[in-house]
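**Q** The chain contents come next:
Protein chains: 2
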Amino acid sequence: MTDRTVVLHVSYDGAGFSGFARQPGLRTVQGELEHALGVVLRQPVEVVGAGRTDAGVHALGQVVSFPATGAEPPLESLSRSLNALTGEDLVVASASFAEPGFSARRSALAREYRYFLVPGPVPPLFTRKTAWWVKRPLNLDAMRRAAEHLIGEHDFAAFCAAESLGKGSTFRRLDLIEIASDREMGEHVVVVRVIGNAFLHSMVRIIVGSLVEVGLGRKDASWLGEALQSRKREAAGPTAPAHGLTLWHVEYPEECWL
Amino acid sequence: MTDRTVVLHVSYDGAGFSGFARQPGLRTVQGELEHALGVVLRQPVEVVGAGRTDAGVHALGQVVSFPATGAEPPLESLSRSLNALTGEDLVVASASFAEPGFSARRSALAREYRYFLVPGPVPPLFTRKTAWWVKRPLNLDAMRRAAEHLIGEHDFAAFCAAESLGKGSTFRRLDLIEIASDREMGEHVVVVRVIGNAFLHSMVRIIVGSLVEVGLGRKDASWLGEALQSRKREAAGPTAPAHGLTLWHVEYPEECWL
Chain A
1 MTDRTVVLHV SYDGAGFSGF ARQPGLRTVQ GELEHALGVV LRQPVEVVGA GRTDAGVHAL
61 GQVVSFPATG AEPPLESLSR SLNALTGEDL VVASASFAEP GFSARRSALA REYRYFLVPG
121 PVPPLFTRKT AWWVKRPLNL DAMRRAAEHL IGEHDFAAFC AAESLGKGST FRRLDLIEIA
181 SDREMGEHVV VVRVIGNAFL HSMVRIIVGS LVEVGLGRKD ASWLGEALQS RKREAAGPTA
241 PAHGLTLWHV EYPEECWL
Chain B
259 MTDRTVVLHV SYDGAGFSGF ARQPGLRTVQ GELEHALGVV LRQPVEVVGA GRTDAGVHAL
319 GQVVSFPATG AEPPLESLSR SLNALTGEDL VVASASFAEP GFSARRSALA REYRYFLVPG
379 PVPPLFTRKT AWWVKRPLNL DAMRRAAEHL IGEHDFAAFC AAESLGKGST FRRLDLIEIA
439 SDREMGEHVV VVRVIGNAFL HSMVRIIVGS LVEVGLGRKD ASWLGEALQS RKREAAGPTA
499 PAHGLTLWHV EYPEECWL
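Residue numbers (the numbering used here), protein chains in the order written: chain A, 1 to 258; chain B, 259 to 516.
Careful: at least some of the hints might be erroneous.
To be verified - The calculated label-pair distances, taken between Cβ atoms and stated as ranges, are: (1) H201(A) / R431(B): 51 to 59 Å; (2) K425(B) / P24(A): 54 to 62 Å; (3) P332(B) / H201(A): 54 to 62 Å; (4) R441(B) / E76(A): 55 to 63 Å.
Source of the hints: derived by calculation from the structure; they are not laboratory data. Ideal placement from N, C-alpha and C gives every residue a C-beta, glycine not left out.
Work out the full structure, taking the sequences as your base and the hints as a guide.
**A** Okay, here's the thing in structure tokens:
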């Protein structure tokens, strides 16, 4: 018997899932992974995920972990077996071992989300399922000035889904908001990279929804600082749609890996 | 009455279409565009496309043209009206005017296709509908050496779908085959850019299918030159799947545009 932890790096297209967290009778990422792991390992498995993504939210670098039992197949064949069992919209990119007690959720140092926006009058085609078409031009400089107000450790209560307030501390640390023009499959997109230690429920989507208010000229950049200080959900902007958001990467201490 | 030509730049996701060319009872790009144009312009319209893409092949920069009647709405509202009528998998990116007699097909100087490959054991996720997962590593240098044999003006009969041979000249001019590693939505892809004056039926897909034979080590680079010289379809490699191919861009003489 070993007490190592098995860690999976997982990608998924959020459109076909009712979010990450297991829910009876619904197709979820956790449910589909635990089912496939149960078939391959021939025993019930409960996984922990780094980010509990909402329905419709995608992941490129979601991380999940579960305790090793000593009976695992070799890691490469574990990925292959899982990919043969999951739908093509859920991919296990790699499997590795971490130290005993490692938890994809608790051990994470930082999480990076990316939100894709398509400005302008032309609807997106290849990016239509991973980007929010905002239909008008965006002032990226104004969005960057607004974003500066959020960097650092703050009470982000104004940027938490109302139904999840009052369930613990709303202090979080935001390390980076980077807003850049880029191309995906030849289409012009605006990428909002958001890195922080951890995120409240819908926090990235409310930040992006608020930044878009500024980018469209409906609010000025300083408004975002005032919304933050108010600690009131209604002071911030609307929640951006789920399908534009992707959990991109999760960072762990180097020494966790075996 | 004016005799200008209306030109549309069109993107589409090939999955939902039985190819570009109109066919009774089937959903095609030409059929859907002509239907939408008929509704907006209140008269029957026949369009000409720069590339008759096969079923499943995508386009970022397909170009179609039709004679102006003098009764068109302003160009910007024409795009918007058409996009409101087509499915979300067919987008009119812009509309413009070209000189009388302009034809999206006959006036084209060069066409660029891009073919996306995903090597290695991890299935693609975000790129699964626009790239061919070849499952093993690809030797890009060997593919580049093989591609050199095809550059220039040649009889490409060996790279033409068998059912379309004997329907005219099989001489074409290939200007560029560039093979590069890149990322789309964070996923590693190999992009094969192919530029030429015009292409035979399935020519890009047979070229890519042959380059992949070399990249996987099943054939050496000089084999591709021998296949070309044989002028026999069976001497070249298999036809790569349609869903990895995108008509990327079509080049016209600058002076065509009004």
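**Q** The structure should be examined with respect to each hint, and the outcome stated for every one.
**A** Cross-check of the supplied hints:
1. H201(A) / R431(B): 51 to 59 Å: holds (58 Å)
2. K425(B) / P24(A): 54 to 62 Å: Because 59 Å falls inside the window, the suggested range holds.
3. P332(B) / H201(A): 54 to 62 Å: Given range 54 to 62 Å: violated, Cβ gap about 45 Å.
4. R441(B) / E76(A): 55 to 63 Å: About 23 Å separates the Cβ atoms of R441(B) and E76(A), which means 55 to 63 Å is violated.
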